[in-house]
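Residue-level listing of the chains:
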Amino acid sequence: MTSSRRWEGLLFVGPFLLLYGVILVFPLFRGAWLSLHRVALFGPGHFVGFENYARLAGDPIFQQSLINTFLVTLMIVPPLTVIALTLALALNRAGRGATMLRGVFFSSAVLSVTIVTLIWRFVLAPDAGALGELWQALGWEPLPFLSDPNLVLPALALTTIWWSLGLPMLLFLAGLQQIPREMYEAAALDGASRWTTFVRITLPALRRTTILVIMLQTAAQLQLFGQSQLLTAGGPSGASRTAVLFLFESAFGRWELGYASAAAEVLFMIILAVTLAQYWATGPGAEGERGFRR
Amino acid sequence: MRRALLAFIVALALGSCGQNDGKTHIYLQRFFGECGAEYGGSTDVAKAEGECGIITTLVNRFNAENPDLHVDVNVVAWPGYPQLAAQMAARDPPDLVTMHAGVISDYAADGLLEPVEPYLKRAGISPSEFTDATRLGVTIGNRVYALPWDTHGGLFHVNTALFEKAGLMRNGKPVLPTSAEEFLQQARRFKQMTGKPYLIQSNVGDPAYAARNQYTYMMAQGAVLFPDPKQIRLDTPVGRQVAAFFRRINEEQLGTLNMDTPAAIAAFVSGEGGIYPTGTWMIGSFEKEAATPGRPLYQHYAVFPYPRLWGTRVEYVSGHAWVVPARKRTAKQQDAIARFFRFMADHNFDWARTGHLPAFRRLLADPRFAALPHRADIAPLAEMGRPLPGYVRRQNAIEGIVGEEMAAGFIGQRPIDVALKQAEKRTNTLLGELN
Amino acid sequence: MASAVDRGRLTPAGYAALGIGALIMLAPIIWTLLLSLKNNAELVGHSEAALHGPYTLENYAAILGNSLTMRWLLNSAIVSLGQTAGVLILASLAGYGFSRLDFPFRRTLFVIVLLGLAVPSQAVILPQHQLFAWLHLHNSYPGLILPGLVAPFGVFFMTTYMRAIPKELDEAALLDGASRWRIFWKVILPLTIPAQSTLAVFTFLGAWNDYWWPLISATRSDMYTLTVGLAASQMNYAQTSGLGFLMAQAIFASIPILIVYIVFQKQIVRAMAGTAIR
Numbered sequence: 003m004t005s006s007r008r009w010e011g012l013l014f015v016g017p018f019l020l021l022y023g024v025i026l027v028f029p030l031f032r033g034a035w036l037s038l039h040r041v042a043l044f045g046p047g048h049f050v051g052f053e054n055y056a057r058l059a060g061d062p063i064f065q066q067s068l069i070n071t072f073l074v075t076l077m078i079v080p081p082l083t084v085i086a087l088t089l090a091l092a093l094n095r096a097g098r099g100a101t102m103l104r105g106v107f108f109s110s111a112v113l114s115v116t117i118v119t120l121i122w123r124f125v126l127a128p129d130a131g132a133l134g135e136l137w138q139a140l141g142w143e144p145l146p147f148l149s150d151p152n153l154v155l156p157a158l159a160l161t162t163i164w165w166s167l168g169l170p171m172l173l174f175l176a177g178l179q180q181i182p183r184e185m186y187e188a189a190a191l192d193g194a195s196r197w198t199t200f201v202r203i204t205l206p207a208l209r210r211t212t213i214l215v216i217m218l219q220t221a222a223q224l225q226l227f228g229q230s231q232l233l234t235a236g237g238p239s240g241a242s243r244t245a246v247l248f249l250f251e252s253a254f255g256r257w258e259l260g261y262a263s264a265a266a267e268v269l270f271m272i273i274l275a276v277t278l279a280q281y282w283a284t285g286p287g288a289e290g291e292r293g294f295r296r
Numbered sequence: 023m024r025r026a027l028l029a030f031i032v033a034l035a036l037g038s039c040g041q042n043d044g045k046t047h048i049y050l051q052r053f054f055g056e057c058g059a060e061y062g063g064s065t066d067v068a069k070a071e072g073e074c075g076i077i078t079t080l081v082n083r084f085n086a087e088n089p090d091l092h093v094d095v096n097v098v099a100w101p102g103y104p105q106l107a108a109q110m111a112a113r114d115p116p117d118l119v120t121m122h123a124g125v126i127s128d129y130a131a132d133g134l135l136e137p138v139e140p141y142l143k144r145a146g147i148s149p150s151e152f153t154d155a156t157r158l159g160v161t162i163g164n165r166v167y168a169l170p171w172d173t174h175g176g177l178f179h180v181n182t183a184l185f186e187k188a189g190l191m192r193n194g195k196p197v198l199p200t201s202a203e204e205f206l207q208q209a210r211r212f213k214q215m216t217g218k219p220y221l222i223q224s225n226v227g228d229p230a231y232a233a234r235n236q237y238t239y240m241m242a243q244g245a246v247l248f249p250d251p252k253q254i255r256l257d258t259p260v261g262r263q264v265a266a267f268f269r270r271i272n273e274e275q276l277g278t279l280n281m282d283t284p285a286a287i288a289a290f291v292s293g294e295g296g297i298y299p300t301g302t303w304m305i306g307s308f309e310k311e312a313a314t315p316g317r318p319l320y321q322h323y324a325v326f327p328y329p330r331l332w333g334t335r336v337e338y339v340s341g342h343a344w345v346v347p348a349r350k351r352t353a354k355q356q357d358a359i360a361r362f363f364r365f366m367a368d369h370n371f372d373w374a375r376t377g378h379l380p381a382f383r384r385l386l387a388d389p390r391f392a393a394l395p396h397r398a399d400i401a402p403l404a405e406m407g408r409p410l411p412g413y414v415r416r417q418n419a420i421e422g423i424v425g426e427e428m429a430a431g432f433i434g435q436r437p438i439d440v441a442l443k444q445a446e447k448r449t450n451t452l453l454g455e456l457n
Numbered sequence: 055m056a057s058a059v060d061r062g063r064l065t066p067a068g069y070a071a072l073g074i075g076a077l078i079m080l081a082p083i084i085w086t087l088l089l090s091l092k093n094n095a096e097l098v099g100h101s102e103a104a105l106h107g108p109y110t111l112e113n114y115a116a117i118l119g120n121s122l123t124m125r126w127l128l129n130s131a132i133v134s135l136g137q138t139a140g141v142l143i144l145a146s147l148a149g150y151g152f153s154r155l156d157f158p159f160r161r162t163l164f165v166i167v168l169l170g171l172a173v174p175s176q177a178v179i180l181p182q183h184q185l186f187a188w189l190h191l192h193n194s195y196p197g198l199i200l201p202g203l204v205a206p207f208g209v210f211f212m213t214t215y216m217r218a219i220p221k222e223l224d225e226a227a228l229l230d231g232a233s234r235w236r237i238f239w240k241v242i243l244p245l246t247i248p249a250q251s252t253l254a255v256f257t258f259l260g261a262w263n264d265y266w267w268p269l270i271s272a273t274r275s276d277m278y279t280l281t282v283g284l285a286a287s288q289m290n291y292a293q294t295s296g297l298g299f300l301m302a303q304a305i306f307a308s309i310p311i312l313i314v315y316i317v318f319q320k321q322i323v324r325a326m327a328g329t330a331i332r
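Residue numbers (this note's numbering), protein chains in the order written: chain A, 3 to 296; chain B, 23 to 457; chain C, 55 to 332.
Don't take every hint at face value.
[Claimed, not checked] Covered stretches of chain B, going by a simulated chain A footprint (3 or more residues, C-beta under 8 Å):
#1 69 to 83
#2 101 to 110
#3 219 to 232
#4 406 to 412
Think of the hints as simulated: they come from the structure by calculation, not from any bench.
The structure presented is a predicted model; accordingly, all values stated were derived computationally and were not measured.
Where is the CB? At the ideal position from N, CA and C, for every residue including glycine.
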């Protein structure tokens, strides 16, 4: 390859990389730099090395927020993956009905988080909430989803699953349409049952898609913020406070810019580590299939 | 395609239109919502209702009465502080901003606000005209940093129909407790006679509720919550006594447990409890209910400041105020701000129609004010209300911490001494990080 | 290669499950719609009043009657379209470079782009704000559009999609003496229309619903986007005393995106089929 050909490529990726470097990489490094300072939103700061990180390590609120983040991600990703796959299997057919239903199941994804939490507050509130009314009509005591520390994370998970079905479902649909018809025809000729076909042909063919969906959603849900902030304000007593809500409160609520930056760096490292671990654990694939985040 | 491109460019250009009308412009930023559809350019303040309506018509009227000035209004989502902080960071803050009294100390300490004495002087306003509660809220060190606008604080909103059923009415007025023991007795009686909880509480997602309770009844007993800018003192015998009291209420199920604010409001309006301790801001809505036939609160609504349970009659309050962010201004703009202050001071009565208490002493004695529904009952709040000391910073964040911990303690999710200790520790850590 | 669209029939239980699922998806949205058609005062403490008449359009009138709503709509449209166009251009160019050209540090640079996906937006928002303040870009359209242009997903998506296009096409064109640019413009790009549609919809969606960056960057009300403007219009305790209005805002803000989705629906599924696995 001639050297001019080698550098031509840079011209194509250059514009994006230039903006990327200035608008994302530079602020990221600046945030890392800030995390080494004790600095408030206004006013000068001074360099304190890793003091913020040490403080984070001993901060029970931060630790709680990390645990909450992991728990809620675990509560969301498996059910979301299974439901999205099931829907894709059921709706992978031609016809007006299927098209309409695909639209229905995608419709929640177009709403903003503000609207979603508003709607779900109504569903989940024990008094005057839709679920509460239904429960009472059935003669049961309504569950206080938003005020019981044991129920609040599942409530967040439920809200998020409802909201996030759209994209995984579409990814699975696409994956299903990739499978050549010949494979199904061969299986039918061999007299395979529907279940066998599913387990032996469909699932393995969907392996890459499934990995993709899981990696995307894990990275996205580890950054869960809006639902936690708007539905429960992180409560009761921090039971639903996620890591991003913690760093947001530190920055905008307490004006502790350095401390918030340190928390952000820690979260970044964790998401990176989890994503890489998932990637390597699932075997080699095409170069770096990574995630979509909200 | 080309036409679309042209339209796009035109739209972009429109985005950078300037103003050239010969008037002096000052830029005002406030919350309270947007109601242009209903009030538009109306200047009829007397007919306006609600926070949004009244502030909109007031500013319209100011613009109409001062043709050489123009106040440009920027409405922000409550409480507007992320935006304000961002604007200050970008060195482009507004000229006038609505700010809660508890937040002034943060901005003032960082030199982001101008002391307003020059404006007050030019407007002929003396700080001695302010009520105690508001003057304390806007004075930091020895300087005044804002024109106070109102006082708002907690109130006991009472469903008098249920009180009557519980036998707690006398001469047409509800009987409120005068001691902690009486409170519990009356609450138990209320529950027994009506089958409904005595208190409707917004325990969920409303740290301000728990913080207000803890602060108020500690302050009433003379506790110094913030002996200096670097620490809070909550884990004291007084603190434990107050916390134990509220824990008792929930243990005996004399109050609701699982409601957030919208649920609590709905419950009170549906007649599901005797008292809803929320604040001045709900008077308007509840008054409307009390005036609507067929509703549970119809003609059966009364409201009072928090009762004295121990010590003196003192209550934790906050308030809205107008601050002037620091930036370069022309002499004409400064004059405009002074004139705006004068106008707002003159119209403080109109603002008092929202349910918040006036900031000017003279209005408390004004017959117009007394004639507004329930004002005679709640007027004492303006003088018995106390904000936190001016040197306390990050008051909002601290309220969040204290409220979160104390709510957990009151409901029984953790022992009250643990809650108090943790609230203290977290707050002191926060204050310790400040320069 | 014919794709395996299911031609079998669902069991009755399957139909029932789908029906219930659709109901769970739609019920909250229908609830929102009903609430938006009620008078605010009627809903205070009685949100179930939404289930019966009288219904009114006054909340929508209030939204439209606000002199700034149309301006906010225009701002959101400009920012969303601008960001979409920008992302399509930048991501296509970069995708082409990463997928079929060899240049120094190609692998390293691609990994650096992918790492960006792990960065929570709240982590960089304040340093970004500082940067833009220094560049005097706040309260402007470029200030609102630029941050969204650096989302790594676009580059990743286009790179993966383009990688699936056989390199023989390039080589044939090269033999005919075409420049890289011509190949990009005339050969590769037209083949990526489905992917472009998908990326366009998702970028538009993200830009339209973005709240925090427009909140702290466009602080003057004439530069608000629709999400920020609608939030600002709410009075205190809007959830109780202004519920109908709140919900009407929600519906109003969702309509443009729903339209975009419906228009592009077909393209999306077609594009997905081309990208997910190789």
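Each hint, compared with the structure:
Given a C-beta distance limit of less than 8 Å, the hint that chain A covers the region 69 to 83 of chain B is violated, as 0 residues qualify and 3 are needed. Under the rule that three or more residues need a Cβ within less than 8 Å of chain A, the assignment of the region 101 to 110 of chain B holds, with 4 such residues. Here the region 219 to 232 of chain B counts 4 residues with a CB under 8 Å from a CB of chain A, which clears the bar of 3, and the coverage holds. Counting residues of the region 406 to 412 of chain B whose CB lies closer than 8 Å to any CB of chain A gives 0, so the stated coverage by that chain is violated, three being the minimum.
Checked against the numbered hints listed earlier, the structure breaks hints 1 and 4; every other hint is satisfied.
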